[in-house]
Each structure stands twice: as structure tokens, then as C-alpha cells.
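What follows is the residue order along each chain.
Number of protein chains: 2
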Amino acid sequence: MTRTKLIAEPDKPILRMTREFDAPRDLVFEVWTAPEHIPQWWGPGYLTTIVDKMDVQAGGLWRFVQRDPQGNEYAFHGVYHAVVSPERVVNTFEFEGAPGQVALETAVFDALPDGKTQVTATSVFQSVEDRDAMIGSGMEDGAKETWERFAQLLATIQQATAR
Amino acid sequence: MTRTKLIAEPDKPILRMTREFDAPRDLVFEVWTAPEHIPQWWGPGYLTTIVDKMDVQAGGLWRFVQRDPQGNEYAFHGVYHAVVSPERVVNTFEFEGAPGQVALETAVFDALPDGKTQVTATSVFQSVEDRDAMIGSGMEDGAKETWERFAQLLATIQQATAR
Chain A
11 MTRTKLIAEP
21 DKPILRMTRE
31 FDAPRDLVFE
41 VWTAPEHIPQ
51 WWGPGYLTTI
61 VDKMDVQAGG
71 LWRFVQRDPQ
81 GNEYAFHGVY
91 HAVVSPERVV
101 NTFEFEGAPG
111 QVALETAVFD
121 ALPDGKTQVT
131 ATSVFQSVED
141 RDAMIGSGME
151 DGAKETWERF
161 AQLLATIQQA
171 TAR
Chain B
11 MTRTKLIAEP
21 DKPILRMTRE
31 FDAPRDLVFE
41 VWTAPEHIPQ
51 WWGPGYLTTI
61 VDKMDVQAGG
71 LWRFVQRDPQ
81 GNEYAFHGVY
91 HAVVSPERVV
101 NTFEFEGAPG
111 QVALETAVFD
121 ALPDGKTQVT
131 ATSVFQSVED
141 RDAMIGSGME
151 DGAKETWERF
161 AQLLATIQQA
171 TAR
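Chains A and B are the protein sequences, given in the same order. If you use the working numbering, the first sequence corresponds to residues 11 to 173, in order. If you use the working numbering, the second sequence corresponds to residues 11 to 173, in order.
Note that these hints are calculated values from the structure, not bench results. Careful: at least some of the hints might be erroneous.
No copy labels: a pair is met if it fits in one copy or bridges any two.
[As the list claims (entries may be wrong)] Pairs of lysine to any residue, SDA-like flavour, derived with a Cα cap of 25 Å:
no., residue 1, residue 2
1, K63, I17
2, K126, Y84
3, K126, M27
4, K126, E46
5, K15, K154
6, K22, P45
7, K63, G125
8, K154, R35
9, K22, L37
10, K15, G110
11, K22, I60
12, K154, P54
13, K126, G110
14, K126, E104
15, K63, K126
16, K15, R98
17, K15, L57
For clarity, every value in this text was computed on a predicted model and none was experimentally measured.
Starting from the given sequences, assemble the full structure and let the hints guide the process.
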């Protein structure tokens, strides 16, 4: 099984994650950008994720709310800068618990041989401190679980289609 | 006269400009975000700037086209992530001559004593290479001229209001 790689160079306000998925690029892009699939993969599994807004086009707003078993809510929002199917999505990202700290996220989808797809997600923060605070918040485990859930969802969809 | 400071630390994909303006914060914010004023200050004076789009609100698109005396055109666009009057504007930025290279821009307006305002504009790029390419393109002189034109416009507006 391929694993998610997380790259965070010291002194750079950049966080990069990359992983190979065993699914064709069109499908990977479609699932990544479909509001109905977000609750199935976005965030760690013990949180319930609700899509409040997700208008996947330049200028479109997105907002997701996560709820933990105790009923606490964590919300995130941003706006899409560019959506280039099936190659690339560029959007802003803000955790409402740290208002004013905004990141720019770029997801790139590269087609590999054998119908696989490499996804590379790069976040640039307004400062190294913001980047390090994000890593310190324990996002790494959550992000890796997110990408694992995404891989499982792709497998489930492909199995259902093949049947 | 105060001068524009440009800060670009090595190995960081960040470019920061800051300057003090002799005008109150509400006015500085208003002029910064008004489409009708953009042709009077945005970019170096030898270029004609046309506002194609400028919808100053979260999710709003902006697009400016600059024309040189030979008729060559240079276009820029992005989307607003947040507009918090009179404190802060966060938006994306893309030069259409380098498609796919996107920056996140944050302008912060701080009120100073004596009715002055400090503006700090921070751009974070997707890589240090992108940042350095932007600096290498000669943007520094253009940016300093831009901020000088902005200061002059503020002075002109204040004189007209005081009359």
C-alpha cells in the first residue's frame, strides 16, 4: 500500500502532502471535488463533517463544519481561485478557530501509468509560525487518516462500478 | 517623506511591503478598495490600467488589464477571500503571463497616531522560485512607484475634501 508523505521543510511556511492513488485521474478529481463525498473522507473518521457550502468554481465559496462526539464544532472555509478539471484546484483555507490565518492550497492531480494518480497538495501559510502551529495542532495524523479514507472511498467506488 | 520598505528574506516564499501614509485609516481602506481609483495608482504610471472585474467581497473576482504604450497587454486576476473594513483584505493573485503561479496577498491597515496609517502587504507564493521570479521581473520598482502614486492620490483626495 502506498503511504501519504508529508513534507515540511524548516523555515519555510509550506506544507506538502503527496500520495499515489490506485484510481484514474478523472475519478480522483471527481471524487475530490464532489460535495456529496466530502463527509465520507474529509477529516478524521470520528468527526462528522457537514458541507455548509461548496461551490467548486473560481470565486465559489466553501465551508465545512466538523462535529465531535461531544457536540463541539470546528468550522473551516475559503474560496476557490481556480478549478481546472482534472488537473488542479487552487483555493484558500481558514480555520475559524484561528481567524485571519489564511493558507493557499493547491492540489495537483498527475496521471501515472497503469491508471494510477499522484495527488500533491501544497499549503502555503502567511508565516512559518502559522505553518508550525498547524502542524503542532496534530493535523498530521488527521491528514494521513483523511488521505487513507480518500483511498478507501476510491476503492469502494471502483468496486461498485465494476460490479 | 516616508518610503516603501520591501522585505524579502532569503529562502522564504514571502514578499512584504510596508509604508506609512499620511491619511486616516478609513480613507486609506476606501481608496485601496475602490474600483474607480485603481487606474490612478495600481501599477507604474506609464501603463494604462483597466479594471475588468473588481467585486470587493469574499468570493468576489477581480481582474485588471494593463496596457503599455505599444499596445501590449498584461492581465492579472484573483478572488477575494476576506474583506474586513477598514482592517484587512485577503485575496489571491495570478499574473496571466505565468498561469498557475498563484500568490496569497494580505493587506493590513493599522491606524497610527496623528491620523496616519501603516499599510503592510504580504504576498506568499507557492515556492521560493515563484517569489524570486516575481522579484526578478522588475516588480520592485513598479511596486514602489505604485505605492508612491497611492500616497499622492491620498494627498490629492484630502486636499480636494479640505477645500
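Results of checking the hints against the structure:
| no. | hint | verdict |
| --- | --- | --- |
| 1 | K63 <-> I17 | neither (29 Å within a copy, 37 Å between copies) |
| 2 | K126 <-> Y84 | neither (33 Å within a copy, 38 Å between copies) |
| 3 | K126 <-> M27 | within (17 Å within a copy, 43 Å between copies) |
| 4 | K126 <-> E46 | within (23 Å within a copy, 49 Å between copies) |
| 5 | K15 <-> K154 | within (8 Å within a copy, 41 Å between copies) |
| 6 | K22 <-> P45 | neither (32 Å within a copy, 34 Å between copies) |
| 7 | K63 <-> G125 | neither (31 Å within a copy, 40 Å between copies) |
| 8 | K154 <-> R35 | within (20 Å within a copy, 44 Å between copies) |
| 9 | K22 <-> L37 | neither (32 Å within a copy, 35 Å between copies) |
| 10 | K15 <-> G110 | between (28 Å within a copy, 23 Å between copies) |
| 11 | K22 <-> I60 | neither (32 Å within a copy, 35 Å between copies) |
| 12 | K154 <-> P54 | within (9 Å within a copy, 46 Å between copies) |
| 13 | K126 <-> G110 | between (37 Å within a copy, 23 Å between copies) |
| 14 | K126 <-> E104 | neither (31 Å within a copy, 30 Å between copies) |
| 15 | K63 <-> K126 | neither (30 Å within a copy, 39 Å between copies) |
| 16 | K15 <-> R98 | within (19 Å within a copy, 35 Å between copies) |
| 17 | K15 <-> L57 | within (23 Å within a copy, 45 Å between copies) |
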